[in-house]
Amino acid sequence: MALQMFVTFSPWNCLLLLVALECSEASSDLNESANSTAQYAPNAWFAAASSEPDERISVFELDYDYVQIPYEVTLWILLASLAKIGFHLYRRLPGLMPESCLLILVGALVGAIIFGTDHKSPPVMDSSIYFLYLLPPIVLEGGYFMPTRPFFENIGSILWWAVLGALINALGIGLSLYFICQVKAFGLGDVNLLQNLLFGSLISAVDPVAVLAVFEEARVNEQLYMIIFGEALLNDGITVVLYNMLIAFTKMHKFEDIEPVDILAGCARFIIVGLGGISFGIVFGFISAFITRFTQNISAIEPLIVFMFSYLSYLAAETLYLSGILAITACAVTMKKYVEENVSQTSYTTIKYFMKMLSSVSETLIFIFMGVSTVGKNHEWNWAFICFTLAFCQIWRAISVFALFYISNQFRTLPFSIKDQCIIFYSGVRGAGSFSLAFLLPLSLFPRKKMFVTATLVVIYFTAFIQGITIGPLVRYLDVKKTNKKESINEELHIRLMDHLKAGIEDVCGHWSHYQVRDKFKKFDHKYLRKILIRKNLPKSSIVSLYKKLEMKQAIEMVETGILSSTAFSIPHQAQRIQGIKRLSPEDVESIRDILTSNMYQVRQRTLSYNKYNLKPQTSEKQAKEILIRRQNTLRESMRKGHSLPWGKPAGTKNIRYLSFPYGNPQSAGRDTRAAEFSEDDSSDPGSPSIMFSALSLIGSLQKQEAQEIIPMKSLHRGRKAFNSGYQRNTRQEEYLGGVRRVALRPKPLFHAVDEEGESGGESEGKASLVEVQSRWTTDRGHGRDHNRSHSPLLQKK
Amino acid sequence: MGSRSSHAAIPDADSIRRETGFSQASLLRLHHRFRALDRNKKGYLSRMDLQQIGALAVNPLGDRIIESFFPDGSQQVDFPGFVRVLAHFRPVEDEDTETQDPKKPEPLNSRRNKLHYAFQLYDLDRDGKISRHEMLQVSRKREQEM
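The listed protein sequences correspond, in order, to chains A and B.
Per numbering that gives the first Met the number 0, residue 0 is the first one in the first sequence, and the count goes up by one each step.
Per numbering that gives the first Met the number 0, residue 0 is the first one in the second sequence, and the count goes up by one each step.
Just so you know, the hints here were simulated from the structure itself, not pulled from any lab data.
Beta carbons are placed, not taken as given, at the ideal position from N, Cα and C, and that holds for glycine.
Keep in mind that a hint or two might mislead.
The calculated lysine-lysine pairs, modelled on DSS-like cross-linking and capped at a C-alpha distance of 30 Å, are [said to hold, decoys possible]:
1) K355(A) to K335(A)
2) K526(A) to K41(B)
3) K41(B) to K355(A)
4) K530(A) to K113(B)
5) K526(A) to K355(A)
6) K418(A) to K41(B)
Not everything, but these chain A residues come out facing chain B in the computed CB check (under 8 Å) [unchecked claim]:
7) F86
8) G275
9) L492
10) I494
11) H499
12) L500
13) A502
14) I504
15) D506
16) V507
Distance windows between CB atoms, simulated [as the list claims (entries may be wrong)]:
17) G42(B) to L274(A): 26 to 36 Å
18) G265(A) to G42(B): 27 to 37 Å
19) R34(B) to I270(A): 34 to 44 Å
20) F289(A) to L135(B): 25 to 35 Å
21) G20(B) to I271(A): 43 to 53 Å
22) I76(A) to R34(B): 51 to 61 Å
23) G20(B) to I76(A): 57 to 67 Å
24) G265(A) to G20(B): 23 to 33 Å
25) G80(B) to L88(A): 57 to 67 Å
26) G42(B) to F523(A): 23 to 33 Å
27) S14(B) to R411(A): 28 to 38 Å
28) K501(A) to L135(B): 20 to 30 Å
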């Protein structure tokens with residue numbers, strides 16, 4: 000109900016905006032016609048009857064020219080944003096067509112209005128504005144949010160496909176069109192080879208914005224996503240290089256003057272441009288990471304540093320005619336790892352969201368401008384050229400996909416199936432990139448520029464709409480292997496069992512890193528780079544601070560009420576009552592299924608879905624938080640449930656033993672201060688920076704001969720290698736359990752910190768890797784409780 | 000790939016390869032991993048070494064997986080044993096089944112052996128049967144997750 004109301008509201012809103020726009024345009028027309036001489040003299044709109052407006056102070060004035068450009072640009076952006084909101088609210092629509100289609104439509108609408116009212120649109124798009132202001136944010140966002148690990152794992156295939164694919168496409172389309180142009184019947188004789196090649200290069204550019212928008216709805220697996228994304232990102236750079244090269248060739252006028260030397264020089268230039276751009280990006284990335292090391296007191300400028308350095312890398316590369324796109328991408332990728340550890344939490348969020356916002360604005364403007372120029376007079380329609388362009392785009396893409404992947408499949412461990420290749424072929428959605436390049440063709444060199452622009456627009460519309468709309472169903476159709484029948488609960492449980500098993504074995508194998516180069520890079524990274532680029536004494540990470548908050552809260556509760564009260568995780572209890580052989584009614588089955596899906600621990604998955612507009616936290620961090628909260632929860636519950644410990648000893652006996660001790664806050668505060676102490680002690684240790692940790696006991700482990708305590712924490716400093724010899728703390732599990740009184744924790748915790756990262760080289764990845772800390776019970780489990788008490792608190796350095 | 004690295008030669012590499020079907024590159028990588036896990040350079044892995052794999056510890060099945068590496072109640076697993084367990088997880092090669100010599104033992108990654116491995120996960124006391132109690136334990140694990 001409310002939904003529909005809102006949907007109707009936003010078209011009303013759009014209408015209002017359009018009306019406002021029209022009014023302003025009409026008024027500006029009026030302005031221009033009435034006030035041809037005095038440019039800045041305010042026009043007396045509702046002036047009182049006065050024959051000489053210049054001498055009276057007018058009550059109400061209007062000056063539209065002053066604000067025209069920013070006003071209209073802002074209106075466009077707002078309009079597009081409102082359209083996006085409406086688009087997402089009306090649930091069926093995102094499943095039908097990708098968002099870029101919507102933007103194009105809105106743009107066309109605005110264009111129609113502008114055309115209809117004969118209004119001179121503000122010049123948002125010319126060469127410098129596009130390349131300097133509109134393109135960098137989009138590329139920056141793409142590079143920053145690129146998942147680096149899958150990218151680098153597939154880097155060979157991606158490079159092979161992106162570079163060669165772009166070249167084959169560009170040259171193929173250009174040459175075929177040239178041959179078409181030779182046919183006299185089409186009237187295209189004056190388009191020479193160079194122009195055709197140039198057109199081929201710009202039309203073969205797959206647009207990352209459009210591609211990603213298309214794939215939002217069609218979920219594909221990680222490998223495929225990486226290939227498509229990588230291609231879109233890289234071939235921007237390649238296309239622009241080709242474009243510039245060919246423009247330079249065209250300026251040399253005569254075709255005969257071009258010698259093989261020039262072509263070789265072109266190829267060499269190509270390589271230099273690419274590598275130069277990347278190295279610029281890396282250098283700037285390191286500089287900015289280094290600078291963020293020192294910004295802890297002025298965290299407000301951290302986002303500024305990130306953005307300015309990225310932009311600077313782009314500009315610096317462009318100065319030397321190197322590829323700015325590759326530079327900014329490399330800068331983002333390099334910077335991300337270190338900056339994310341250095342900056343404060345709020346800066347981190349700011350950077351992410353601001354980046355998304357900027358790229359959203361740019362993308363909107365580009366699409367709208369594309370729509371605006373659709374409706375206009377500067378078109379030239381040539382049936383032959385356009386149809387053949389369309390045909391050749393598809394044909395050449397198909398050829399390049401199947402040929403190149405056939406070759407690269409020989410070298411891959413996970414080859415791409417034919418279905419994958421079909422999807423890749425179908426994902427060749429052109430977008431605003433091609434349009435911009437076409438629009439910016441210099442008219443002097445290209446007398447038939449309008450034809451090119453028209454053809455480009457047609458291709459873009461075709462691919463964006465038709466391919467965009469049908470790719471979702473296509474992917475679903477191709478993936479038809481997945482059976483849709485509902486599994487029974489039994490099956491579900493066992494499937495999860497198998498998932499856990501697979502994840503566990505993967506961890507045993509350490510399966511993510513199987514490249515020596517990568518291991519070596521990680522070691523180099525730990526030894527040198529992190530020491531330089533990451534600041535010491537990092538403030539608490541989110542996980543540790545979350546944990547501390549929970550602990551504080553728990554301690555305060557304990558003091559206040561004497562018993563722990565559980566938080567709102569009471570739903571799982573229902574599931575626990577399901578035992579025995581009684582048959583479950585379908586409603587029960589459904590509710591069980593819902594409970595299971597909403598509550599179960601998320602197994603690490605290989606197939607990820609990327610969403611452009613919602614920032615999902617990194618999976619491992621999310622997993623860590625989830626584990627943390629769940630352990631806390633089981634802890635509280637088992638305490639609350641009357642301490643029904645799986646190993647059968649009634650914990651009630653525990654309580655009695657410790658009643659004599661005083662209880663209260665000091666313990667929890669004490670533990671925290673102890674944590675602080677340890678960190679300081681640690682920092683006195685030369686070369687090993689401090690770690691913050693807290694002990695968290697694990698209840699849920701069954702059937703272990705020795706209880707283990709897992710302490711999830713964020714690895715703040717991974718520069719230390721073997722931390723085996725570190726501090727030992729022993730948290731008494733039962734005491735924590737049985738301890739209604741916090742006092743039970745008075746023996747100092749003893750555990751064994753292990754830095755998994757350093758040791759096994761790439762075990763757990765990602766910026767929020769868990770350093771698992773385990774404690775060892777040194778006493779025999781079966782009768783252990785009593786001895787434990789006699790364990791003196793240990794604080795040893797081995 | 001891996002032959003340039005400064006590994007010690009893997010003892011019995013050929014027999015392990017025949018038995019498990021791993022390629023030379025995979026075997027080298029697994030050996031590298033084995034040595035990385037074996038912190039004190041003992042030449043074998045104990046339970047403790049495996050328990051120190053972080054992500055395994057939060058895995059609800061972690062302890063059972065570790066148990067499965069130690070058949071027959073032994074306390075150590077050497078490299079061939081390590082590889083033998085992991086060989087269960089190689090993809091099944093269906094084309095071999097027709098041409099297989101019936102006298103040769105089945106490859107470790109055959110479906111039957113995979114099933115056998117999965118059976119072991121349930122069958123905690125290794126008596127070859129899954130009792131009702133063991134099944135309940137598995138279901139309880141789901142509870143514990145929640």
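Okay, the hints, checked on the actual structure:
Between K355(A) and K335(A) the alpha-carbon distance is near 15 Å, which keeps this suggested pair within the 30 Å criterion. With a C-alpha separation of about 26 Å, the suggested pair K526(A) and K41(B) falls inside the 30 Å cut-off, and the hint holds. Restraint check: the Cα-Cα separation between K41(B) and K355(A) comes to about 51 Å, which exceeds 30 Å; the hinted pair is violated. Using a Cα cut-off of 30 Å, the hinted pair K530(A) and K113(B) is violated, with the two alpha carbons roughly 46 Å apart.
At most 30 Å may separate the alpha-carbon atoms for a hinted pair to count; K526(A) and K355(A) exceed this at roughly 33 Å. Between K418(A) and K41(B) the CA atoms are separated by roughly 48 Å; this puts the pair beyond 30 Å, and the hint is violated. Below 8 Å, beta-carbon pairs count as interface contacts, and F86(A) has none with chain B, the closest being about 37 Å; its hint is therefore violated. Interface restraint check: G275(A) against chain B, minimum CB-CB distance 30 Å, threshold 8 Å, status violated.
The beta carbon of L492(A) comes within 6 Å of a beta carbon in chain B, closer than 8 Å, and the hint placing it at the interface holds. For I494(A), the suggested interface contact is broken, since its CB lies about 12 Å from the closest CB of chain B, more than 8 Å. Among the interface hints, the one on H499(A) holds; its C-beta lies about 5 Å from the nearest C-beta in chain B, closer than the 8 Å criterion. Using the Cβ-Cβ criterion of 8 Å, the hint placing L500(A) at the interface with chain B is satisfied: the shortest such distance is roughly 6 Å.
Evaluation of the A502(A) hint against chain B yields a held restraint, the C-beta minimum of about 6 Å falling below 8 Å. Annotation: I504(A) was flagged as interfacial toward chain B, and the flag holds, the nearest CB pair being 6 Å apart, inside 8 Å. The beta carbon of D506(A) is positioned within 8 Å of a beta carbon in chain B (closest approach about 4 Å), and the interface hint is therefore held. Residue-level restraint check for V507(A) holds (minimum Cβ-Cβ distance to chain B is 6 Å; threshold 8 Å).
Range check, G42(B) to L274(A): Cβ separation about 46 Å, and the 26 to 36 Å hint is violated. In this structure, G265(A) and G42(B) break the distance hint of 27 to 37 Å, their C-beta atoms being roughly 58 Å apart. Judged by the Cβ atoms, the range 34 to 44 Å given for R34(B) and I270(A) holds: they are separated by roughly 40 Å. Between F289(A) and L135(B) the beta carbon distance is about 57 Å. The supplied range of 25 to 35 Å is therefore violated.
A C-beta distance of roughly 47 Å is found between G20(B) and I271(A), which places it inside the suggested range of 43 to 53 Å. Here the CB-CB span from I76(A) to R34(B) is close to 58 Å, well matched to the stated 51 to 61 Å. Take G20(B) and I76(A): their Cβ atoms lie about 60 Å apart, and the range 57 to 67 Å holds. For the pair G265(A) and G20(B), the beta carbons lie near 49 Å from each other, so the given range of 23 to 33 Å is not met.
A beta carbon spacing of about 59 Å between G80(B) and L88(A) agrees with the range 57 to 67 Å that was offered as a hint. The given range of 23 to 33 Å is respected by G42(B) and F523(A), whose C-beta atoms sit roughly 29 Å from each other. A C-beta distance of roughly 30 Å is found between S14(B) and R411(A), which places it inside the suggested range of 28 to 38 Å. The hinted window of 20 to 30 Å between K501(A) and L135(B) holds, with their beta carbons roughly 23 Å apart.
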